[in-house]
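*Asks:* Make the full structure from the sequences, and use the hints.
Heads up: the sequence lines are chains A and B, in that order.
Counting from 135, one number per residue, gives the positions in the first sequence under this note's numbering.
Counting from 999, one number per residue, gives the positions in the second sequence under this note's numbering.
Among the hints, a few may not be true.
No farther apart than 20 Å at their CA atoms in a straight line, the calculated lysine to aspartate or glutamate pairs in the EDC-like style are these [unchecked claim]: (1) Lys1063/B with Glu1038/B; (2) Lys1274/B with Asp1203/B; (3) Lys277/A with Asp252/A; (4) Lys201/A with Glu1038/B; (5) Lys1000/B with Glu203/A; (6) Lys200/A with Glu1045/B; (7) Lys206/A with Asp1009/B; (8) Lys1039/B with Glu312/A; (9) Lys1362/B with Glu1397/B; (10) Lys1634/B with Glu1453/B; (11) Lys1584/B with Glu1608/B; (12) Lys201/A with Glu1031/B; (13) Lys1584/B with Glu1609/B; (14) Lys201/A with Glu1104/B; (15) Lys1243/B with Asp1205/B; (16) Lys201/A with Glu1005/B; (17) Lys201/A with Glu1397/B; (18) Lys1000/B with Glu240/A; (19) Lys201/A with Glu1105/B; (20) Lys200/A with Glu1038/B; (21) Lys291/A with Asp307/A; (22) Lys201/A with Asp1041/B; (23) Lys1432/B with Glu1397/B; (24) Lys1612/B with Glu1622/B; (25) Lys1416/B with Asp1341/B; (26) Lys1172/B with Asp1283/B.
For the chain B half of the interface with chain A, some residues (derived, Cβ under 10 Å), not all of them [claimed, not checked]: (27) Asn1001; (28) Ala1004; (29) Ile1034; (30) Glu1038; (31) Ile1629; (32) Leu1633.
Hint data in this document are derived by calculation from the structure and do not stem from the laboratory.
Even for Gly, the Cβ is constructed at its ideal location relative to N, Cα and C.
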Amino acid sequence: MKLFSWFLDKKSDHPDFWLEYLEGFKGKMNKNIQSTRFVAFDTETTGFDFNEDRVLSIGAVSFIDKKIEVSKSLELYIKQDVFKAESVKIHGLLKNSKVEKQTELEAIKSFLAYIKSDVLIAHHANFDRNMINKMLERHGLGKLKNKFIDTGHLFKKSVHLIYKDEDQPFTLDELAKELNVPLVDRHTATGDALITALIFLKTLSRLDKRKHLNWGYLLPK
Amino acid sequence: MKNSIAERVLDYLIKYPPFNLLNNQDLFEISKEVSIIYLEKGDTLFEKGDAAKSDFYMVRNGGVKLLHTTAENTQEIVNISDAGDVFGIRPLIAKENYKLSATANEESIVYAIPISTFTSVTKNNASINKFLITAFATNAYDPYTAEENGKIFIDYLPNSAQDIVNFQTANYTKKPITCLLDSTIKDAAIKMRDHRIGCIIVIDDHDKPVGIITNSDIKNKIATGLFPIETLVTNIMVSPVITSKRDLTVAEGQLQMIKHHIGHLCITKDGTVNSKLVGVLTHHDVLATLGNNPSVILKEIKRANRTKKLRSARLKANSLLKNYLEQNIPVGHIVKVIAQINDAVTVRAIEIALKKMPTNPPVKFSWIALGSQGRKEQMLFTDQDNAIIFEDVASDKYEETQTYFLELAKLVTKSLNKVGFEYCEADMMASNPKWCISISQWKNQFEDWILHPDEKAILLSSIFFDFSPVYGEDTLAEELTNAIYKALEQTSIFFKFLGRDAIKNPSPLGFFKQFAVEKSQEQKDLFNIKNRTIMPLVDAARLLTLQNNIKGINNTADRFEQLALLDPNSKALYHSCSYAFKALSKFKTKQGILHNDSGKFIDIESLTKEEQLKLRRCLKPVHEIQEVIKIRFDLKNFI
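*Replies:* Structure below.
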């Protein structure tokens, strides 16, 4: 009954920062989209296997009403024992590079404090969500409770029916090109987070014009 | 913590002025504090009349249009800022409300840069300050373009050639004075003296420029005894020289000078130090080519066929003004040049308006300037005060005639406003039916003011009595002047009223010889240089000229000079009044340029000790002339 007793002790076992994070979800959600804080984020990982691979870097930007403050962006680099040379050519993060790195637990702490209970935006959000959730699991914590918006899905929804090509998932690069978002710092976590944020804002403005801008439409059931 | 986004912001900012004048570390401080704003087409960043925000903006993608709201509440585009253009900075520095509105012309991404960070980082950066001041002086006083700093930065953007004027090839000096490497400094100095120049280029046997010697090098290195006078030029020259190719533009030249903190650019055959010297471009050449030259400006005004062109010509007068002040050219001369330019603008505006009228004027008329333009004392843009006198017509034709001139006046005042002269708040303009009347009506009006003075009449007098004809039939204005003096002979009470008005602002030095500062909330602790020093002098000069029957002199300084001639006993006082007036005007204008306002209010604390002393010295004559008026017009019991 080891599992059961762990379950019972759950509350007291959890560190304060996690309890604080959960506490944030007790309030009611802001109905007004304009005054809502959104967090766009991206992760750079050693690969695509949720169990084997690890998060090397998390980047996030937050915005309220179309305004992204550079000073309030988040950029985390994480010390990991897992290292795969083949992924280096994508994200450029070396094992012993000089950037200041944190432990996984420290990174989780910073990330949760940053996202709070706000709506998260990511491109192909499932991947990033799962990577983060695995990270939380390794430290005996629960899953992310935040609402998620996937820019890929959202964009697909925003495109008119006749242009929809269900089979073709949009890559971040394709979306950026389509929406005329400057592709700077692609494949760094913060750079991609910023691109994702701008894609979201641009998609949102398209939706707005057709009076689709409501939570029901934005958040998948 | 690493901040990749700030680094990317930096990568972008550094490509454009004024950020390209900053070092990486400073620029990173700014980049960290930037906000990235997404704008949909039609989204508004700020609107005319909004209080200045804490950020100014740079377009990252897309375009933002700057709109001017006209009197009829329609909006016209003043400029569209494209990627790399900066806008909305002036109200932040001037601490005033936005004069234009900024709306996304297309979907755009804009960087919002906090002014506080920008100013604290650039505080001690001379080139940035110079850049900003130059930028502000060129079009700061134009209510239309005041804001569009995309434009003002264009002088420094050699690749976005929107403004052709700044992109003409610079006129450099073709035969520069040179000396060889083995010359002594004495020989070089003699050559400089003979040619009356401030710099000499040191060249080698192949005519390649090696170094440069300016007056200040001689002052700093020879006169101080650092080197003997027989030393070789190579010992004191500044080397290497900054060179440029022959076809450089004015803007490029200016940019190079600002970048390297130099006043001279060597022009060589292939643009490098390794080819033959063909000329020298001096800072002075740049200013001259930029059209800061009264005769060029006047020519341009006379040729202007549209208000827009008139505006750009008049704008150049502002940079001219700034340069004049910097070069310490006598205020009397500056004022005359600017007055001439302002009159030319008005004349041209009337000519353009006349062409738009369906018929020729039914009778002769005279367009008169009032207030400071009438006194020919305007330096910065001020409100327009003007009126029309037309010939007498039969009473059944009167309304029709007045209607014609009102229409004309509306066109003229509108175009003057576009040029940069704000509408008069008190509506003392020819477009007002009260101030667009026949010569007989005018005579009646002045007689009424003179014979039945009251508060209101005196207030209006201070503006209307300083009229001067600008366009049309000057004899009408002369006729009116004569009628005024005739009416003045019949009364003395009017002078008493004027006298009381002239001393209503008491001596600007209070108890303990402190400056009398303002007490009201808004201008608390500021010194009102206009009301406390300049206006008393203007009022006194007007009163004394009217009393002495001096006709045709409107300028305050000239009036005092004339009074000195007529009344040798008070010669010294009048001279000092004339001097004080000029010095104070200059002070006000400089402050106006510095703070980008009318210069009316001065923060005494911000002045240097020397400036305070200078200002204080000018206050004595103000006090004395007020005492003279008090006695001469027996005002002791009248107040």
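*Asks:* Give a verdict on every hint.
*Replies:* Do the hints match the structure? See the list:
This hinted pair checks out: Lys1063/B and Glu1038/B have alpha carbons roughly 13 Å apart, not beyond 20 Å. The straight-line distance between the Cα atoms of Lys1274/B and Asp1203/B is roughly 10 Å, inside the 20 Å bound, and the hint therefore holds. Among the hinted pairs, Lys277/A with Asp252/A is consistent with the structure: their alpha-carbon atoms are about 15 Å apart, no more than 20 Å. For the given pair, Lys201/A sits about 12 Å from Glu1038/B by alpha-carbon distance, which is consistent with the 20 Å threshold.
The straight-line distance between the Cα atoms of Lys1000/B and Glu203/A is roughly 15 Å, inside the 20 Å bound, and the hint therefore holds. Under the criterion of a C-alpha separation no larger than 20 Å, the hint pairing Lys200/A with Glu1045/B is consistent with the structure, at around 18 Å. Straight-line distance between C-alpha atoms of Lys206/A and Asp1009/B comes to about 19 Å, which keeps the hinted pair within the 20 Å bound. A C-alpha spacing of about 17 Å is found between Lys1039/B and Glu312/A, which places the hinted pair at or below 20 Å, so the restraint holds.
Between Lys1362/B and Glu1397/B, the direct Cα distance comes to roughly 15 Å. Compliance with the 20 Å bound is thereby established for this hinted pair. Taking the CA atoms of Lys1634/B and Glu1453/B, the gap is about 18 Å. The hint holds against a cut of 20 Å. With a C-alpha separation of about 15 Å, the suggested pair Lys1584/B and Glu1608/B falls inside the 20 Å cut-off, and the hint holds. Simply put, Lys201/A and Glu1031/B have alpha-carbon atoms about 13 Å apart, close enough for the 20 Å limit, and the pair holds.
About 12 Å separates the Cα atoms of Lys1584/B and Glu1609/B, which keeps this hinted pair within 20 Å; it holds. The straight-line distance between the Cα atoms of Lys201/A and Glu1104/B is roughly 17 Å, inside the 20 Å bound, and the hint therefore holds. Among the hinted pairs, Lys1243/B with Asp1205/B is consistent with the structure: their alpha-carbon atoms are about 15 Å apart, no more than 20 Å. A hinted pair counts as satisfied when its Cα atoms are at most 20 Å apart, and Lys201/A with Glu1005/B qualifies at roughly 18 Å.
A C-alpha spacing of about 59 Å is found between Lys201/A and Glu1397/B, which places the hinted pair above 20 Å, so the restraint is violated. In summary, the hint linking Lys1000/B to Glu240/A is supported, as the alpha carbons are separated by about 16 Å, within the 20 Å threshold. Using a Cα cut-off of 20 Å, the hinted pair Lys201/A and Glu1105/B holds, with the two alpha carbons roughly 14 Å apart. Between Lys200/A and Glu1038/B the alpha-carbon distance is near 9 Å, which keeps this suggested pair within the 20 Å criterion.
Restraint check: the Cα-Cα separation between Lys291/A and Asp307/A comes to about 18 Å, which is no more than 20 Å; the hinted pair holds. Restraint check for Lys201/A and Asp1041/B: the C-alpha separation of about 13 Å stays at or below 20 Å, so the hint holds. Our distance criterion of 20 Å between C-alpha atoms is met by Lys1432/B and Glu1397/B, whose separation comes to about 13 Å. Restraint check: the Cα-Cα separation between Lys1612/B and Glu1622/B comes to about 17 Å, which is no more than 20 Å; the hinted pair holds.
Pair hint Lys1416/B plus Asp1341/B holds up; C-alpha atoms about 16 Å apart against a cutoff of 20 Å. As the CA atoms of Lys1172/B and Asp1283/B are separated by approximately 11 Å, the hinted pair is consistent with the 20 Å bound. Proximity of Asn1001/B to chain A holds as hinted, the smallest CB-CB distance being about 6 Å (cut-off 10 Å). With a cut of 10 Å, the hint placing Ala1004/B at the interface with chain A holds, because the nearest CB-to-CB distance is about 5 Å.
Contact between Ile1034/B and chain A, as hinted, is supported at the beta carbon level, the nearest pair being about 4 Å apart and thus within 10 Å. Checking Glu1038/B against chain A by beta carbon gives a least distance of about 4 Å; that is within 10 Å, so the hint holds. Here the hint on Ile1629/B is broken, as its CB sits about 66 Å from the closest CB of chain A, past 10 Å. Violation of the interface hint for Leu1633/B is found here, the shortest Cβ-Cβ separation to chain A being roughly 62 Å, above the 10 Å cut-off.
Hint check: violations occur at hints 17, 31 and 32; the rest are consistent with the structure.
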